[in-house]
Amino acid sequence: MRIIHLSDTHIDRTDAPNKYGVNATDSLRLMLTELRHLRNVDAVVVTGDIADDGAVEAYTAVRELVGEFAGRLGAPVFYTTGNHDERDAFGKVLGSGHPEPEAVLESGASERVAVSTVGGTRVVTLDSLVPGEVYGRVSEAQLGWLKGVLSTPAEHGTVVALHHPPISLGISATQPFFGLRNPGELAEAIRGSDVRVVLTGHYHLQLLGFLASVPVWVTPGVVNRIDLASAPGTERVVRGASASLVELGGAEGPMFHTFHARDPRAHETVYELDEGQVRGFVERHG
Numbered sequence: 563m564r565i566i567h568l569s570d571t572h573i574d575r576t577d578a579p580n581k582y583g584v585n586a587t588d589s590l591r592l593m594l595t596e597l598r599h600l601r602n603v604d605a606v607v608v609t610g611d612i613a614d615d616g617a618v619e620a621y622t623a624v625r626e627l628v629g630e631f632a633g634r635l636g637a638p639v640f641y642t643t644g645n646h647d648e649r650d651a652f653g654k655v656l657g658s659g660h661p662e663p664e665a666v667l668e669s670g671a672s673e674r675v676a677v678s679t680v681g682g683t684r685v686v687t688l689d690s691l692v693p694g695e696v697y698g699r700v701s702e703a704q705l706g707w708l709k710g711v712l713s714t715p716a717e718h719g720t721v722v723a724l725h726h727p728p729i730s731l732g733i734s735a736t737q738p739f740f741g742l743r744n745p746g747e748l749a750e751a752i753r754g755s756d757v758r759v760v761l762t763g764h765y766h767l768q769l770l771g772f773l774a775s776v777p778v779w780v781t782p783g784v785v786n787r788i789d790l791a792s793a794p795g796t797e798r799v800v801r802g803a804s805a806s807l808v809e810l811g812g813a814e815g816p817m818f819h820t821f822h823a824r825d826p827r828a829h830e831t832v833y834e835l836d837e838g839q840v841r842g843f844v845e846r847h848g
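Position in the sequence shown (first residue = 1) + 562 = the numbering used here.
By construction, these hints were calculated from the structure, which means they are not laboratory data. Ideal placement from N, C-alpha and C gives every residue a C-beta, glycine not left out. Some hints could be false.
[What the hints assert, rightly or not] Okay, the calculated beta carbon distance ranges per label pair:
{"id": "1", "residue 1": "ALA703", "residue 2": "PRO738", "range": "33 to 39 Å"}
{"id": "2", "residue 1": "ASP836", "residue 2": "PRO738", "range": "17 to 23 Å"}
{"id": "3", "residue 1": "GLY636", "residue 2": "GLY848", "range": "40 to 46 Å"}
{"id": "4", "residue 1": "GLY754", "residue 2": "GLU837", "range": "20 to 26 Å"}
{"id": "5", "residue 1": "PRO661", "residue 2": "ARG827", "range": "44 to 50 Å"}
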């Protein structure tokens, strides 16, 4: 099972530079162009923050760009929500996030949660969006549904995808406050199951850890990346679109590879937050 993993496209409703001078649609185009030579791809997974402000036009642009790319590969595309997404607009354009889901969670909160099987590998997408918040949470309804799905093993195991990572890195200024708020509950739901990997985004950097002995992969963002070499307590965002290839199965799997687009302006600073700005942001949103 070979998966192209994208996240954090942050597409605006117009194909134009954002307030920081970055055209998010161009970043996505560039990344997909860089990946055009890949072959034997079984699925494309996009783990949230698809639209920067939840606009229908943004979801439509991503559906068309990623859909055309994946269509040439003959691979289905699976989407999850992120904290910047809006469930109703997401649903109008992307439905459950699966092209032909085998099952979806029917919840009062209209959570976008679904399951499909690709070549014997089960793909489950969860919805960690907490409206109005930067951090994430997987609801009790989702966790119960997930346990039911996982009660029957899939032929080649399960991939779980969601936006907010259930892990964090100590040297980041904001990660400990803005990841998944209930990682222990998710760990309990997948412990002892056939889950082979958990795919996430949100942090705009690459990171590998474990949850209940299951690898958790955080793919860097398409729109930009976080530079962890900045001074303690600060945060620096740089230009540069990135994506991942996740390979499951075989004696060596899972394996993870990160692609960085050949952007002549890569590594240029998009914006920086000093210690006071980071502290204020955490106090407002954490």
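Right, here's what the structure says about each hint:
| no. | hint | in the structure |
| --- | --- | --- |
| 1 | ALA703 / PRO738: 33 to 39 Å | 26 Å, violated |
| 2 | ASP836 / PRO738: 17 to 23 Å | 18 Å, holds |
| 3 | GLY636 / GLY848: 40 to 46 Å | 43 Å, holds |
| 4 | GLY754 / GLU837: 20 to 26 Å | 43 Å, violated |
| 5 | PRO661 / ARG827: 44 to 50 Å | 35 Å, violated |
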